[in-house]
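S.K.: Use the sequences and the hints to build the structure in full.
Those sequence lines, one after another, are chains W and S.
For the first sequence, the positions run 2 to 418 when the working numbering is used.
For the second sequence, the positions run 7 to 295 when the working numbering is used.
FYI, nobody ran anything at the bench for these hints, they're computed from the structure.
Just so it is clear, CB atoms sit at the ideal spot from N, CA and C, and this is done for glycine as well.
A couple of the hints might just be wrong.
Stated by the list, open to error - Mimicking DSS-like on lysine-lysine, the simulated pairs with C-alpha atoms at most 25 Å apart in a straight line are:
1) W:K101 to W:K85
2) W:K247 to W:K101
3) W:K196 to S:K144
4) S:K130 to W:K214
5) W:K148 to W:K64
6) W:K305 to W:K196
7) W:K252 to W:K305
8) W:K117 to W:K322
9) W:K199 to S:K144
10) W:K170 to W:K157
11) W:K322 to W:K357
12) S:K144 to W:K214
As the list claims (entries may be wrong) - Taking beta-carbon pairs under 7 Å as the criterion, some of the chain W residues facing chain S (in silico):
13) Q259
14) R261
15) S262
16) N277
17) V407
18) Q417
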Amino acid sequence: MTTHRPLDPALLRGMTMPRISRRAALRGAGVLGASAFLAACGVEGSDKKEAPQAAGFWESQTKAGVLDFASWPLYMDQEKVGGKVVYPSLQEFTKETGIKVNYKEVINENAAFLGKITPSLKAGQPTGWDLMVITNGVELDRLIRQKFLIELDQSKLPNFQKNADPSIKNPSYDPGNKYTIAWQSGLTALAYNPKLTKRPITSFNDLFDPAFKGKITMFGDATDFPTLTMIGIGIDPETSTVEDWKRTAEKMKELRPQIRSFIDNAGEADVLSSGNAWISMAYSGDIFILNNSGSPDIKFVIPKEGAALWTDNMMIPKGAKHPLDAITYMDYVYRPDVAAKLTQYISYITPVPAAKEQLQADAAKAKGEDKDTLDGLISSPLVFPSQSDLAKAKRYRTLTVAEEQVWNRIFQPIVQS
Amino acid sequence: MSAGGRRERLAPYLIGLPGGLWLAIFFVVPILVMLSLSLQSGNAEEGFRFTWQWSNYADAWEFYSTQFIRSILYALIVTTLCLVLAYPMAYWIAFYGGARKSTYLFLILLPFFVSFVIRTASWKFILNDQGILLGPLKDLGLLPDDFHVLATSTAVIGGLTYNYLPFMVLPLYVALERIDPSLVEAAHDLFATRSAAFRKVVFPLSLPGVFAGVLITFVPVASDFVNSGILGGTHTTMIGNVIQTVYLVNNDYPLASAMSFLLMAALLIGIFAYARALGTEQVMEVSQA
Numbered sequence: 002m003t004t005h006r007p008l009d010p011a012l013l014r015g016m017t018m019p020r021i022s023r024r025a026a027l028r029g030a031g032v033l034g035a036s037a038f039l040a041a042c043g044v045e046g047s048d049k050k051e052a053p054q055a056a057g058f059w060e061s062q063t064k065a066g067v068l069d070f071a072s073w074p075l076y077m078d079q080e081k082v083g084g085k086v087v088y089p090s091l092q093e094f095t096k097e098t099g100i101k102v103n104y105k106e107v108i109n110e111n112a113a114f115l116g117k118i119t120p121s122l123k124a125g126q127p128t129g130w131d132l133m134v135i136t137n138g139v140e141l142d143r144l145i146r147q148k149f150l151i152e153l154d155q156s157k158l159p160n161f162q163k164n165a166d167p168s169i170k171n172p173s174y175d176p177g178n179k180y181t182i183a184w185q186s187g188l189t190a191l192a193y194n195p196k197l198t199k200r201p202i203t204s205f206n207d208l209f210d211p212a213f214k215g216k217i218t219m220f221g222d223a224t225d226f227p228t229l230t231m232i233g234i235g236i237d238p239e240t241s242t243v244e245d246w247k248r249t250a251e252k253m254k255e256l257r258p259q260i261r262s263f264i265d266n267a268g269e270a271d272v273l274s275s276g277n278a279w280i281s282m283a284y285s286g287d288i289f290i291l292n293n294s295g296s297p298d299i300k301f302v303i304p305k306e307g308a309a310l311w312t313d314n315m316m317i318p319k320g321a322k323h324p325l326d327a328i329t330y331m332d333y334v335y336r337p338d339v340a341a342k343l344t345q346y347i348s349y350i351t352p353v354p355a356a357k358e359q360l361q362a363d364a365a366k367a368k369g370e371d372k373d374t375l376d377g378l379i380s381s382p383l384v385f386p387s388q389s390d391l392a393k394a395k396r397y398r399t400l401t402v403a404e405e406q407v408w409n410r411i412f413q414p415i416v417q418s
Numbered sequence: 007m008s009a010g011g012r013r014e015r016l017a018p019y020l021i022g023l024p025g026g027l028w029l030a031i032f033f034v035v036p037i038l039v040m041l042s043l044s045l046q047s048g049n050a051e052e053g054f055r056f057t058w059q060w061s062n063y064a065d066a067w068e069f070y071s072t073q074f075i076r077s078i079l080y081a082l083i084v085t086t087l088c089l090v091l092a093y094p095m096a097y098w099i100a101f102y103g104g105a106r107k108s109t110y111l112f113l114i115l116l117p118f119f120v121s122f123v124i125r126t127a128s129w130k131f132i133l134n135d136q137g138i139l140l141g142p143l144k145d146l147g148l149l150p151d152d153f154h155v156l157a158t159s160t161a162v163i164g165g166l167t168y169n170y171l172p173f174m175v176l177p178l179y180v181a182l183e184r185i186d187p188s189l190v191e192a193a194h195d196l197f198a199t200r201s202a203a204f205r206k207v208v209f210p211l212s213l214p215g216v217f218a219g220v221l222i223t224f225v226p227v228a229s230d231f232v233n234s235g236i237l238g239g240t241h242t243t244m245i246g247n248v249i250q251t252v253y254l255v256n257n258d259y260p261l262a263s264a265m266s267f268l269l270m271a272a273l274l275i276g277i278f279a280y281a282r283a284l285g286t287e288q289v290m291e292v293s294q295a
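M.R.: If you want it as structure tokens, here you go:
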């Protein structure tokens, strides 16, 4: 960035929304009530096989003109008009389609939000939402396994088919985009302060430099650190085996003496800007924000071994009252002009590559500070990673429920040592 | 037998009934459920089944023995520190507090009016690497630049000692306060020196307080998870933190239950050994006096 504007509230998103909320914390806690414990000595599972979706489901749907949309704080362009928060791109959507969007920032944690709606899903009742944004990971795997989502009608997603980045299509956690399409993505890799490290960090192995002893922080959940380490030693997490996990665990133990502490999933901004850590695991969007809010020196780096890519996904929960309105919106955000507008605000990785051209066109027309802002956004590898960077991005492992237990028993003792 | 006689005989049981029921429902039943859980296998989605899965205990020890041992060690250090700090405090209030005894006690309890988490987090604020305490000391060159207190055992033990000190002071105070000052005078009359009077009269009489204080400090400290979570680093995790994560985050109920039972067993064995060593007879005798 050429200029440093005061912290745009729009950019606060990553700061105010600890990433721990998105993946790790309190998975499914509270789903199992006390009564379940007592059930005949064994504990009843939350697993219940749902009937398959009726054929002709989509044909029988009609436009309702309303859409109840659950998402995360500051994950949608917004403005204050007369003290009231409005969402310009949603207003635009309403103007074009006649669908009024009831947009609520009610998701702070995947697990906590799903904990609230799971009883309704299990009972086959409407959850009150037509559209929700959930991160790929254990929670999403569970939703899909338990058939709590409505299968998408691909013929109603022409913009998605045409404009979506091939790399986010057909993800391993949802083959064929049967239930979900991407909302935004981000990278998990390393960030460092070159003034303190006094040399560029380019490889995962740089973390073992004795000069950095006690100056490194890692995310303390049992997913991120193992995943990055796995990539660091050349294992693709997505296809990794239990043997690979054990090797990874050994490597993590080897690295442990170098680590000062395990941090919360948004804690990297704090430890890096205060200098408590020289190098930290970090999320791309958080560092983009940090660079624009007083710490321009901090560098986000994708080690040559690779980085981990996560995606937040849009999906329609079972029992949704207005599914046609929901899928209309899902496709709408895949229009380059809409995607550009969202990216400008959200500053994570858009699933629509053509949004970049749109922003470039906007930048060509803009002047002064606006132009600088747009140029900074377009040239930022954090928002628009290069193809070579993306080629190095690996996906998180999709775990079955049995694998999850094995995984946790291997990695939990390391991040809680 | 008259009706009155029966009522009289039943009365103690009836008085004990509410408490007994309370314990039965909210302690005994959950404990049995947890015991059963610790021997089950399965997962949160498909359910857990009772399979005499003793390997949960072996796993718990294999994966987390370091954290078990560390917790016990921390608890021993913290209890000792609390005792050393609290005894003179309680002694002074009991014997020299005069009319303001209750004011002093209130002052000791005052921190309890602030949330546990906030009190501990404020330690973090004070002890930050560049915070209000270490920052100036480093600027003056009194401390090396990479010196830090947070993320070390010292920080966790300090936080624990601070948080649990009142638990030690109160029982000590109660025991010391009950000692009749004329006993000390009598000791002096019998030519005991001040230290002999303390060693032979005051301290033995305060042992029930020491016993109670050690008990109600040691046990919660060993299973604490707040201090290590907030003040700790990579090598300070206590077993309470692990149980919390394994239970609430990973939903591995059997492993978490097995860990809880291991901890409970270790604590019970330790406490019985301690009671033996201190001489339960003497403790009971004095507390009945």
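S.K.: Each hint: holds or not?
M.R.: Cross-check of the supplied hints:
1. W:K101 to W:K85: holds (17 Å)
2. W:K247 to W:K101: violated (51 Å)
3. W:K196 to S:K144: Status holds; Cα separation ~19 Å.
4. S:K130 to W:K214: Measuring from Cα to Cα gives roughly 22 Å; hence the hint holds.
5. W:K148 to W:K64: Satisfied, since the Cα-Cα distance of roughly 24 Å is no more than 25 Å.
6. W:K305 to W:K196: holds (21 Å)
7. W:K252 to W:K305: Measuring from Cα to Cα gives roughly 17 Å; hence the hint holds.
8. W:K117 to W:K322: Holds: K117 (chain W) and K322 (chain W) sit about 18 Å apart, inside 25 Å.
9. W:K199 to S:K144: Holds, at about 22 Å.
10. W:K170 to W:K157: holds (16 Å)
11. W:K322 to W:K357: Violated, at roughly 35 Å.
12. S:K144 to W:K214: Judged against 25 Å, a Cα distance of about 20 Å means the pair holds.
13. Q259: violated (9 Å)
14. R261: holds (6 Å)
15. S262: holds (4 Å)
16. N277: This hint holds: N277 (chain W) lies near chain S, its Cβ roughly 5 Å from the closest one there, short of 7 Å.
17. V407: violated (10 Å)
18. Q417: holds (5 Å)
Hints 2, 11, 13, 17 from the earlier list are contradicted by this structure; the remaining hints agree with it.
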